[in-house]
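**Q** Each chain is listed here by its residues.
Number of protein chains: 2
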Amino acid sequence: MRKYHLLAPGPTPVPPRVLEAMARPLMHHRTKEFEALFEEVRSGLSWLYQSEGDVIMLAASGSGGMEASAANLLSPGDSALVVEGGKFGERWVEICRAYGFETDVISVEWGRSVDLGEVESRLRAGGHRAVFVQASETSTGAKHDVRQLAEVVRRTSPDTLVVADAITALGVYDLRPEEWDLDAVITGSQKALMLPPGLAFVWLSERAWAVAEKAGSPRFYFDLRIERKSQAKNTTAWTPAISLVEGLRVALEMMRGEGLENIFARHARLAGGMRSALRAQGLGIFPRDLLSESVSAVSVPEGIDGKAIPRLMQNEQGITIAGGQGHLSGKIFRIGHMGYVDESDMLAAIGGLERVLSSLGHELEKGAGLTAAQEEFGR
Amino acid sequence: MRKYHLLAPGPTPVPPRVLEAMARPLMHHRTKEFEALFEEVRSGLSWLYQSEGDVIMLAASGSGGMEASAANLLSPGDSALVVEGGKFGERWVEICRAYGFETDVISVEWGRSVDLGEVESRLRAGGHRAVFVQASETSTGAKHDVRQLAEVVRRTSPDTLVVADAITALGVYDLRPEEWDLDAVITGSQKALMLPPGLAFVWLSERAWAVAEKAGSPRFYFDLRIERKSQAKNTTAWTPAISLVEGLRVALEMMRGEGLENIFARHARLAGGMRSALRAQGLGIFPRDLLSESVSAVSVPEGIDGKAIPRLMQNEQGITIAGGQGHLSGKIFRIGHMGYVDESDMLAAIGGLERVLSSLGHELEKGAGLTAAQEEFGR
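One line per chain: the protein sequences are A and U, in this order.
Note that this note's numbering has the first sequence beginning at 1, numbered continuously upward.
Note that this note's numbering has the second sequence beginning at 1, numbered continuously upward.
No lab work stands behind these hints, which were simulated from the structure alone.
Don't take each hint at face value.
What the hints assert, rightly or not - Pairs of lysine to any residue residues, derived as SDA-like cross-links and limited to a Cα-Cα distance of at most 20 Å, are as follows:
| hint | chain 1 | residue 1 | chain 2 | residue 2 |
| --- | --- | --- | --- | --- |
| 1 | U | Lys233 | A | Gly323 |
| 2 | U | Lys307 | A | Lys87 |
| 3 | A | Lys307 | A | Gln325 |
| 4 | U | Lys331 | A | Thr31 |
| 5 | A | Lys307 | A | Ser358 |
| 6 | U | Lys214 | U | Gly100 |
| 7 | A | Lys229 | U | Gly326 |
| 8 | U | Lys307 | A | Thr235 |
| 9 | A | Lys229 | U | Glu90 |
| 10 | U | Lys32 | A | Tyr4 |
| 11 | A | Lys307 | U | Glu33 |
| 12 | A | Lys307 | U | Met1 |
| 13 | U | Lys32 | A | Met1 |
| 14 | U | Lys214 | A | Gly100 |
| 15 | A | Lys3 | U | Met27 |
| 16 | A | Lys87 | U | Ser230 |
| 17 | U | Lys3 | A | Arg24 |
| 18 | U | Lys233 | A | Gln325 |
| 19 | U | Lys87 | A | Asp223 |
| 20 | A | Lys307 | U | Lys32 |
| 21 | U | Lys87 | A | Ala237 |
| 22 | U | Lys87 | A | Ser230 |
| 23 | U | Lys32 | A | Ser358 |
| 24 | U | Lys32 | A | His5 |
| 25 | A | Lys32 | U | Ala308 |
| 26 | A | Lys32 | U | Asn315 |
| 27 | A | Lys32 | U | Met1 |
| 28 | A | Lys3 | U | Pro25 |
| 29 | U | Lys214 | A | Pro76 |
| 30 | A | Lys3 | U | Lys32 |
| 31 | A | Lys3 | U | Arg24 |
| 32 | U | Lys87 | A | Arg24 |
Given the sequences, and given the hints that come with them, work out the whole structure.
**A** Below, the structure written as structure tokens:
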């Protein structure tokens, strides 16, 4: 008997109340009932994004939301500046190239945060329609400071749009699309929103909406102009993922009950506890500059089989964590602490990790990680 | 107290066993457990498509699958022949224009099936990369004969691809993508597959896969080449809609238990019973040539408020049916009989409709529709 714990950096655990809501008999989406549901959801999304601006819901996973923001804001041949500091930065590059944008890449060492001086000097060369960046680079556990990046952009190249992948950032730490003058902010359902994957969300600034009206990339399913018109009337242009929207209503209700400040504080507390524990276990935190509150990326100690860590956590402890992606495979592992998670989940992960690391020959003091976490939680 | 009946031409009712499967605690998708689930699902999809060829699953609604087939098979400036005989034919036109294809439209009177002679003469003009058509035009209740259309294409313009929207066709009537020499066949989760919306499926012929390798339209999230490589290894390129895939396993298991022949016979029997009933109620069936087994589109009798019919069915009888779309709004209404439906559902719809039509002043003989349906079911 093993109780299962999902502690990956997404998908994240779904609360029983949300699972129940999704298991209700299906309603039709062209009804007053769905409109009332979607109106409530839209209000919740505005609350989450801390903006009265439209948040567009798409039936797609987060990558679909990323593509939607690119396809709606740039035309073939436009110049894009891409911050590439991990697997998801690479995804921006792939999307921009697939659409035929001139793609100017700032290669950031994986695990580092982008140097804003470098952003500024690239922007000075001029002509970038948009900067693409991760607010939280899930593959490395690093954050890029999108608030300061937006300030650099406004100062240096005011018409350049700031497009932030906030898939593991929104609802995790305080991120204010409107107040920080960002232009596109994307998230997905399977992270802080505590739902299964299948919904993406895109918020655009008024500046970005004006650009979207004229951008020349082909788009249909992801045409945000079409969706904006429909969603203003509490419906969707294409058939929505109805059961996920039912779950979303409940998830947003739970989040509003907790309050944004408490949600952000909880993520910071859990991240802090986890990192104290990891250090007490003799492990190194992989990212070096700004650490994302959503995920801890951990360097595999010398002489330990890195790929065995997530495998044994899964097979022997019943705890899903994640390995490294791309060239970080086997070199890091990642523990998610985002969404429907609390102190007990952290203790489960820390305890399981202690047992796994011991079995792999890593020397550590029994219970030291758990004690360190408890001390941090108690502050 | 009103028991709720969902009898729209999609979304369709979800069986309790499928709802239960989707309500299980979420699994991670980069695990052996998900690979085993997806392998079973892929085998079920091959069975459903009656082909060993790859069926690609996308986290999107059906329109996303339509766009994927267009974006992967044509390049900007390519010529597309579109059969436009309803709302979903119009959708093909919109997609083709959004992608900058030369769009040659065969306008079919809504409710009619396409004249294959017209298809042949357009093809003779030459140069069409693909023909886009609905196997079942959900908005009018008509079918286009995609089997014969493919024969015309092969005879007249062998390299032209045949792209069939089978969203309300596959799993409803006998449609054989490979045997009929079609090139792309799209379906969605919320129709015969008895799931909530949120998954689209695209099957391509080997001829179409070869074209997809070289087609020049921009695509990323819907790039079928990327998905094909991942899905061959029982995973997906982007995060899949995990809970819907859990439901899909159960739905396909239920369908395999029933058997394709029985499924097709059930849909034909229910459609036949429904139409006998409608005629016995003094109503006219709207489509004039080939009738889809998935939906009955009904002409609103003279002097009756057409928009009131679905509204009263919903509000007073607890039965969701659909009105007309586009210029057919108020002129027809549509009853779905697809997916998780049986004779009892047909009687519920026929009985509810009798009560609604009576209240609106349409003269009919009490019980005549129900009797006619029973006679048809008993054949």
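**Q** Indicate, hint by hint, whether the structure satisfies it.
**A** Against the structure, the hints come out as follows:
{"no.": "1", "hint": "U:Lys233 <-> A:Gly323", "verdict": "19 Å, holds"}
{"no.": "2", "hint": "U:Lys307 <-> A:Lys87", "verdict": "51 Å, violated"}
{"no.": "3", "hint": "A:Lys307 <-> A:Gln325", "verdict": "11 Å, holds"}
{"no.": "4", "hint": "U:Lys331 <-> A:Thr31", "verdict": "19 Å, holds"}
{"no.": "5", "hint": "A:Lys307 <-> A:Ser358", "verdict": "15 Å, holds"}
{"no.": "6", "hint": "U:Lys214 <-> U:Gly100", "verdict": "17 Å, holds"}
{"no.": "7", "hint": "A:Lys229 <-> U:Gly326", "verdict": "17 Å, holds"}
{"no.": "8", "hint": "U:Lys307 <-> A:Thr235", "verdict": "19 Å, holds"}
{"no.": "9", "hint": "A:Lys229 <-> U:Glu90", "verdict": "19 Å, holds"}
{"no.": "10", "hint": "U:Lys32 <-> A:Tyr4", "verdict": "15 Å, holds"}
{"no.": "11", "hint": "A:Lys307 <-> U:Glu33", "verdict": "18 Å, holds"}
{"no.": "12", "hint": "A:Lys307 <-> U:Met1", "verdict": "57 Å, violated"}
{"no.": "13", "hint": "U:Lys32 <-> A:Met1", "verdict": "19 Å, holds"}
{"no.": "14", "hint": "U:Lys214 <-> A:Gly100", "verdict": "15 Å, holds"}
{"no.": "15", "hint": "A:Lys3 <-> U:Met27", "verdict": "13 Å, holds"}
{"no.": "16", "hint": "A:Lys87 <-> U:Ser230", "verdict": "17 Å, holds"}
{"no.": "17", "hint": "U:Lys3 <-> A:Arg24", "verdict": "14 Å, holds"}
{"no.": "18", "hint": "U:Lys233 <-> A:Gln325", "verdict": "17 Å, holds"}
{"no.": "19", "hint": "U:Lys87 <-> A:Asp223", "verdict": "18 Å, holds"}
{"no.": "20", "hint": "A:Lys307 <-> U:Lys32", "verdict": "15 Å, holds"}
{"no.": "21", "hint": "U:Lys87 <-> A:Ala237", "verdict": "13 Å, holds"}
{"no.": "22", "hint": "U:Lys87 <-> A:Ser230", "verdict": "17 Å, holds"}
{"no.": "23", "hint": "U:Lys32 <-> A:Ser358", "verdict": "24 Å, violated"}
{"no.": "24", "hint": "U:Lys32 <-> A:His5", "verdict": "16 Å, holds"}
{"no.": "25", "hint": "A:Lys32 <-> U:Ala308", "verdict": "15 Å, holds"}
{"no.": "26", "hint": "A:Lys32 <-> U:Asn315", "verdict": "10 Å, holds"}
{"no.": "27", "hint": "A:Lys32 <-> U:Met1", "verdict": "19 Å, holds"}
{"no.": "28", "hint": "A:Lys3 <-> U:Pro25", "verdict": "11 Å, holds"}
{"no.": "29", "hint": "U:Lys214 <-> A:Pro76", "verdict": "19 Å, holds"}
{"no.": "30", "hint": "A:Lys3 <-> U:Lys32", "verdict": "17 Å, holds"}
{"no.": "31", "hint": "A:Lys3 <-> U:Arg24", "verdict": "14 Å, holds"}
{"no.": "32", "hint": "U:Lys87 <-> A:Arg24", "verdict": "30 Å, violated"}
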